[in-house]
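**Q** Sequence order for the protein chains is A and B.
As numbered in this note's numbering, residues 1 to 225 make up the first sequence, in order.
As numbered in this note's numbering, residues 1 to 490 make up the second sequence, in order.
Simulated from the structure, these hints should not be mistaken for laboratory data.
Predicted model, so just to flag it, every value in this text is computed and none were measured.
Hints are supplied without guarantee of correctness; some may be wrong.
Claimed, not checked - Selected chain A positions facing chain B (in silico; Cβ < 7 angstroms):
#1 Leu55
#2 Glu154
#3 His155
The beta carbon of each residue, even a glycine, is placed where N, CA and C say it ideally should be.
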Amino acid sequence: MWKCFLLVAGGMLSAAAIADEVPASVGIIRGVALDENLRPLAAAQVWAEPADGLLRGMINFVDSDADGHFSIDHLPLGTYNVFAKKEDEGYPMIDFEFYRPGRPPTVTLSTSKPVASTVVTLGPKAGTLTGAITDAATGAPVGAAFRMWHLNKEHADLSTSVASDYRVLIPPDVDVVLEVHADGYETWYYPGYGAAASGPLRLRPGERMSLGIKLQPKLPAPPGK
Amino acid sequence: MVDGAYYASSSETADCSYYGEFLDANQPPEQEIGAPVINPGGVTDALDTSMGWEYVDTSGYISIWGLWLDADKTDMNPQVTVDDPTHIQLGTPSYVSDGQINVPFTITAGVATGGGSPHNITVTTTYGTSEPPDELYIYDATPAIQSVSQTPWTAGSTYSGVTISGSNFGTICPSVAISGAGATTFTVTTGTCTNSSVQGTVRVDPNATGSSPSVNATLTLTSGGYGQGFQSAPGGSSQAPFPGVEVLAAAPTITRVTLSPNVVGSNGATMTINGTGLSGATPYLPSGFSITKTSGSSTQMTLTVNIALSVSYGTNCCYASVQSAAGKSSGSAVFTVDGPGYLVVTGSSMGHCGGCSTTVKLFETYQIMSGVSKTAFSTVPVCETPVLSNWSCSQAQSGMTYNRCNVNPGTATGGAFTDGWGLTSDTYTPVGCGYPTSGGSQGITDEWLFNPAGATVQWKMGNLYGYILANSVSINGYVDGMPVGTLIEP
Numbered sequence: 001m002w003k004c005f006l007l008v009a010g011g012m013l014s015a016a017a018i019a020d021e022v023p024a025s026v027g028i029i030r031g032v033a034l035d036e037n038l039r040p041l042a043a044a045q046v047w048a049e050p051a052d053g054l055l056r057g058m059i060n061f062v063d064s065d066a067d068g069h070f071s072i073d074h075l076p077l078g079t080y081n082v083f084a085k086k087e088d089e090g091y092p093m094i095d096f097e098f099y100r101p102g103r104p105p106t107v108t109l110s111t112s113k114p115v116a117s118t119v120v121t122l123g124p125k126a127g128t129l130t131g132a133i134t135d136a137a138t139g140a141p142v143g144a145a146f147r148m149w150h151l152n153k154e155h156a157d158l159s160t161s162v163a164s165d166y167r168v169l170i171p172p173d174v175d176v177v178l179e180v181h182a183d184g185y186e187t188w189y190y191p192g193y194g195a196a197a198s199g200p201l202r203l204r205p206g207e208r209m210s211l212g213i214k215l216q217p218k219l220p221a222p223p224g225k
Numbered sequence: 001m002v003d004g005a006y007y008a009s010s011s012e013t014a015d016c017s018y019y020g021e022f023l024d025a026n027q028p029p030e031q032e033i034g035a036p037v038i039n040p041g042g043v044t045d046a047l048d049t050s051m052g053w054e055y056v057d058t059s060g061y062i063s064i065w066g067l068w069l070d071a072d073k074t075d076m077n078p079q080v081t082v083d084d085p086t087h088i089q090l091g092t093p094s095y096v097s098d099g100q101i102n103v104p105f106t107i108t109a110g111v112a113t114g115g116g117s118p119h120n121i122t123v124t125t126t127y128g129t130s131e132p133p134d135e136l137y138i139y140d141a142t143p144a145i146q147s148v149s150q151t152p153w154t155a156g157s158t159y160s161g162v163t164i165s166g167s168n169f170g171t172i173c174p175s176v177a178i179s180g181a182g183a184t185t186f187t188v189t190t191g192t193c194t195n196s197s198v199q200g201t202v203r204v205d206p207n208a209t210g211s212s213p214s215v216n217a218t219l220t221l222t223s224g225g226y227g228q229g230f231q232s233a234p235g236g237s238s239q240a241p242f243p244g245v246e247v248l249a250a251a252p253t254i255t256r257v258t259l260s261p262n263v264v265g266s267n268g269a270t271m272t273i274n275g276t277g278l279s280g281a282t283p284y285l286p287s288g289f290s291i292t293k294t295s296g297s298s299t300q301m302t303l304t305v306n307i308a309l310s311v312s313y314g315t316n317c318c319y320a321s322v323q324s325a326a327g328k329s330s331g332s333a334v335f336t337v338d339g340p341g342y343l344v345v346t347g348s349s350m351g352h353c354g355g356c357s358t359t360v361k362l363f364e365t366y367q368i369m370s371g372v373s374k375t376a377f378s379t380v381p382v383c384e385t386p387v388l389s390n391w392s393c394s395q396a397q398s399g400m401t402y403n404r405c406n407v408n409p410g411t412a413t414g415g416a417f418t419d420g421w422g423l424t425s426d427t428y429t430p431v432g433c434g435y436p437t438s439g440g441s442q443g444i445t446d447e448w449l450f451n452p453a454g455a456t457v458q459w460k461m462g463n464l465y466g467y468i469l470a471n472s473v474s475i476n477g478y479v480d481g482m483p484v485g486t487l488i489e490p
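So that you can see chain A by itself, here it is in the shape it has in the complex (with noise of 0.2 angstroms):
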């Protein structure tokens, strides 16, 4: 960690020259984006989101530079969790307690120091399950939502929209129970319908998995129920 900050405060000017620079009610978060080896991670998406208060509206990704710097501009004073996600390369969205538990590190802009410091770190990548999911009977496309936990911590969950062609993230190194539902089918849990018992599903960090999601249509109900 401490090499991380030496990078940022190589990279960066001092808070009280930005200070001079932004009106007294706004602030500036700056920062570097590193990998799970410490090395800066370019073109990773930043963000703040308020600590212990109300996320509403756009979120306002920036880039990590090729440095890894990034500098989120026109926050107004508070204190802010950081984030960072580059998905493309397996770095899921980090404030979710799915993909890291534990409360996040907070940043705080105030009067007195309008422009912060952090450093942003991601990995380890996450295992990819891609795929496509279809109809089982007609084997058209389907878009359902995924449903993902911790096997030991339900809480640790996500719910994400995808459609047919699927790339989802999964956290590496954990049991993930893992239900795929749709409108109209039967919900499916890993591994599928014909198996066994359902069970969670383990990937290493930055492995791949593919996997075909057949749905099942629910049948009508019979007459008179």
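Please arrange chain B on chain A, whose structure you already have, making use of the hints.
**A** The following block gives chain B in isolation, referenced to the frame of chain A:
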């Protein structure tokens, strides 16, 4: 010998004829009366004695000048004859004297005309017949135009049944030429020709007036004569000019306007205006369009335009017009401009926040879609108008920041953006508190709008409603986030 009195001045003798009394013994006897004599060139028009001819298809009087035309008053009914009584009908002389006879005539078409076809005129009295006969020439009169119907004309227009009225057009259809109005033409309609009128179709050159509001054209009718080619009298002409036909500049017209790409925010888009009278015309486009290049012809104008994000848009939203160099304006032609129209859900993630055991949050990702083409839109500024109600937690409400319209709109990069709904920790109690829907009042309503800089209005793209509780979030009726593909419309 000519008519008159003769006096003997010597002992010479003369043969004289006499009728009447000797007036004076000292007066010599008068001449003897003989056959009538017509002076050379002695047949003229009665009203214009310098005119030794008449015209086809006319009536009037000729005068015959000579001697003994009334046989010295002994024959007051001299007979005047012509070699073509069929086409030259002579009546009873209306005035007779020894030296002049006036005879009414009617000359009809078919008579031999021209300088090579004189007609013999003879006078016969009781004393004989004039010999040699004198000659009467018949020519074709110079045509004249009195009026032209359906004027003024407008450039680019076609007028059928235009009537040219006048005289001496001949019995053969004349030709009609128009000058001073570009390539304007007059086509004679077969079967409409008379000696006094002709009908035809006028096709006015679209560029007849050039850059002037109007011009005066000259219409020239050329007679085809009466069947023997036009036989012009001395000093006459086969042509009848009629100046002063007003030709007005045509208002340009627009038949079609196309725009590609037709999306707000496009630079270098191509607009094509099809119509008439477009050469040199000035195009007029809605506010927010800037023209960087203009080219084309009289029937097609091609513009390179930049379309500001703030341009009003929609199906058949917009109008183009042109004004000609002569100041004539076209009607307006409608065209379509596309812009952000609605949202479609492209992703949704909901789960417990980091470090939370009860509190959840939701991220919805939307793609902005074009209202007309239904395709994904590009980067645009957006804003929202959230209203939160019914706060039920024990703690004070948290502040809310959002992208206010015309204040701090956000940028939907690539037309996509992610909308967050939720609380961010388990701090809020009791469990399940927040902004519930209560008593028919939504906990939250929110409208997303397209918010281009400089626009006076924002365009609605999507309407959201639901609730945000510490342990649950509902958006448009979905409690686990909206399915991919869900349409969010204004």
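**Q** Are the hints correct? Go through all of them and say.
**A** Cross-check of the supplied hints:
Hint status for A:Leu55 relative to chain B: holds, with the closest Cβ pair at about 4 angstroms, below 7 angstroms. For A:Glu154, the shortest C-beta to C-beta distance to chain B is roughly 9 angstroms, which exceeds 7 angstroms, and the interface hint is violated. With 7 angstroms as the threshold, the beta carbon of A:His155 comes within range of chain B, its nearest partner Cβ sitting at about 5 angstroms, so the hint holds.
In summary, the one numbered hint that this structure violates is 2.
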